[in-house]
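Here the structure of chain A is known, so what remains is to put chain B in place on it, guided by the hints.
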Amino acid sequence: MSTAAAVHSLWTTAAADPISKIDAPKIEYGQLAPTLIVVGAAVVGILVEAFVPRKSRYYAQMFVSVVAFAAAFAAVVALAANGYATTKAGIAAMGAIAVDGPALFLQGTILLTALVGLFTFAERRLDPEAHGNRVDSFAAQAASVPGSDSEKRAVKAGFTTTEVFPLLLFAVAGMLVFPAANDLLTLFVALEVLSLPLYLLCALARRKRLMSQEAAVKYFLLGAFASAFTLFGIALLYGYAGSMSYAAIAQVVDGTVPEVTPALADTMGNDALLLIGAALLVMGLLFKVGAVPFHMWTPDVYQGAPTPVTGFMAAATKVAAFGALLRILYVVLPGLRWDWRPVMWAVAIVTMVVGAIVAITQTDIKRLLAYSAISHAGFILAGVIAATPSGISSVLFYLAAYSFVTIGAFAVVTLVRDAGGEATHLSKWAGLGRRSPLVAAVFAVFLLAFAGIPLTSGFAGKFAVFKAAAEGGAVPLVVVGVIASAIAAFFYIRVIVLMFFSEPRPEGPTVAVPSPLTMTAIGVGVAVTVVLGVAPQYFLELAGDAGVFVR
Amino acid sequence: MNPVNYLYLAALLFTIGATGVLIRRNAIVVFMCVELMLNACNLAFVAFSRMHGNLDGQVIAFFTMVVAAAEVVVGLAIIVSLFRSRHSASVDDASLMKL
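These protein sequence lines map, in sequence, to chains A and B.
Numbering follows numbering that gives the first Met the number 0, in which position 196 of the first sequence is assigned residue number 195; successive positions increment by one, without gaps.
Numbering follows numbering that gives the first Met the number 0, in which position 58 of the second sequence is assigned residue number 57; successive positions increment by one, without gaps.
Don't read these hints as lab results, they were simulated from the structure.
Warning: the hint list may mix true and false statements.
[Claimed, not checked] Covered stretches of chain A (in silico footprint by chain B; criterion: 3 or more residues with CB under 8 Å from a CB of chain B, positions within the stretch not fixed):
1. 137-144
2. 184-191
3. 196-202
4. 224-231
5. 252-266
6. 289-303
[What the hints assert, rightly or not] Once the Cα atoms are required to be at most 25 Å apart in a straight line, the calculated DMTMM-like pairs of lysine to aspartate or glutamate come out as:
7. A:K207 - B:D92
8. A:K87 - A:E540
9. A:K151 - A:E162
10. A:K207 - A:D363
11. A:K25 - B:D55
12. A:K207 - B:D91
13. A:K151 - A:E48
14. A:K207 - A:D126
15. A:K207 - A:E506
Here the structure is a predicted model, which is why all the values come from computation and not from measurement.
Beta carbons: idealized from backbone N, C-alpha and C, even for Gly.
Chain A with its partners taken away, still in its complex shape (with noise of 0.2 Å):
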């Protein structure tokens, strides 16, 4: 018996010691249902592209895009109204992953903006029907090459790329958790999930393909170049602290650390690792949201991509990537805030002075709106530097307000056409204002909130920032930002006058009269930024209880 039991333990061991240790993992799926709605989502949209008829693909990839933004949301907001922005704000899926109001509000604009930038996405009136088939502002089918036999047999099939849809919801589940990442790791993988869909999305433009194509190769080597930065940020850091987790790193940056072994002890005193490292996170991040220096692709990306598309990066892409910088500025980095302000200072400058000045010398539409969404980075840079809680608050407001605007703007481009799919050069916009004037007078709406002119969310995001920016010390940044807005209302009114106050060329564009989609995401455009111009309060408020970061 006893020789039995000795040899029985050569290939097994006994069950009560060291399996005992590995605790399973504590997942909370009602904190993260948000995000497990849209992945889930994704997942589904993939097995519809391989198992449901060409037919009916497009409705029910549409179906299932709206109803999981839908359900994302509302479980959002049912995470809010339980408290889990403010008094039960934590920690979830083992310190992944944090619940708390930042998170829960940008969570909340990334699935409204999303859920409208859909509707763009779902537009198929604005093209001529190919053969009898209504299409879209994708690629017939994107592995074919531009102007080839292959591409016409794949439109004359009437063939759609719904992938788009997939890609976007997997695009929106990065952008879900990249702002409540709470430990590096994850902040990585959430980066790459969130751009390998847009860098497809980029390259699937049914017109302009080759420009399209060129965006989508802009957008990856210069993407991918960032994030291995970003990467070797997040070494650094790793190495500088022992650890992933943001409290830790802060704990570490701020010489709390209960328990320092020797190795930390070693790393700890290593201040190239700690101020490096950091530096190239935060670069990678700042790439992201598109400030100068690091903004070289926003203008040919935005350009190239297919409108919908860009209009959504543009929008939900900064929210998403603000938010990661303010966690990783307010939670992991307090303690080097006297190192990194001065250096947020400059980056602030130069992204409004650039951003407004190379603006007016733009002459292709998408165009000049990158180069403004290149300043409102700087804007919103402003409010992050302010490093207090109205600095969080006012960020938030911008972002939301921002987003709204941004993809309405985009969603009108998408209707002003000729011949060669969307006119984007400004010359063809003039006097567009005798020949459509709703179209003209809606896209003067988000010009001038882009402008921040009072009664429009650009004014009352601008103040907000100016205002928080102002009280955390920062008066000469404010007084920047308003010459950089004010250079900045040179060129947003001169479309204006140009669309309102010249005559109209006899072989001008046409608008096209959209579906309900477009018309949707145009309406909400202009409601938003009505809204949170005249009665701000409610929202300022709301980002106000939501301005606190769980650590």
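Using the frame of chain A, we list chain B on its own:
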């Protein structure tokens, strides 16, 4: 051997990769240089993991490999589609949107 030496190697590889991205013209080679940078990060993660005596760094190295593989799938698809329509993978030729 002192694990710090591996960090120097990682920094060197990272710099070689970054330099390659900046000076090479073929999109594929640029992309390979990005992969080199990611692998340099992996080496740094593993070396730090050894220094601190915890497994976080090694776990991240696995994640980085998966991410790099996903990036290859997406990146090569984009680069190949560009190559097929232009018969060139040079990043300098792709300048339709230059002002």
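Going through the hints against the structure:
With a threshold of 8 Å between beta carbons, the proposed coverage of the segment 137-144 of chain A by chain B holds, since 3 of its residues qualify and at least three are required. A count of 4 residues in the segment 184-191 of chain A with a Cβ less than 8 Å from any Cβ of chain B is obtained; the coverage claim is therefore met, three being the minimum. Coverage of the segment 196-202 of chain A by chain B holds [criterion: at least 3 residues with CB-CB distance below 8 Å; count 3]. Taking a C-beta to C-beta cut-off of 8 Å, the segment 224-231 of chain A contributes 5 residues in contact with chain B, enough for the three needed, and the coverage statement holds.
Given a C-beta distance limit of less than 8 Å, the hint that chain B covers the segment 252-266 of chain A holds, as 5 residues qualify and 3 suffice. Proximity of the segment 289-303 of chain A to chain B, defined as three or more residues with a beta carbon under 8 Å from a beta carbon of that chain, is established by the 4 residues found. Distance check on the hinted pair: K207 of chain A and D92 of chain B sit about 16 Å apart at the alpha-carbon level, within 25 Å; holds. For the hint pairing K87 of chain A with E540 of chain A, the CA-to-CA distance comes to about 19 Å; that is within 25 Å, so the pair holds.
For the proposed pair K151 of chain A and E162 of chain A, the alpha carbon gap of about 20 Å is at most 25 Å, so the pair holds. For the given pair, K207 of chain A sits about 14 Å from D363 of chain A by alpha-carbon distance, which is consistent with the 25 Å threshold. Of the pairs offered as hints, the one joining K25 of chain A and D55 of chain B holds, with about 18 Å between alpha carbons and a cut-off of 25 Å not exceeded. At most 25 Å may separate the alpha-carbon atoms for a hinted pair to count; K207 of chain A and D91 of chain B meet this at roughly 19 Å.
With a CA separation close to 22 Å, the supplied pair K151 of chain A and E48 of chain A stays within the 25 Å bound. Among the hinted pairs, K207 of chain A with D126 of chain A is consistent with the structure: their alpha-carbon atoms are about 13 Å apart, no more than 25 Å. Between K207 of chain A and E506 of chain A the CA atoms are separated by roughly 20 Å; this keeps the pair inside 25 Å, and the hint holds.
Hint compliance for this structure: every hint is met.
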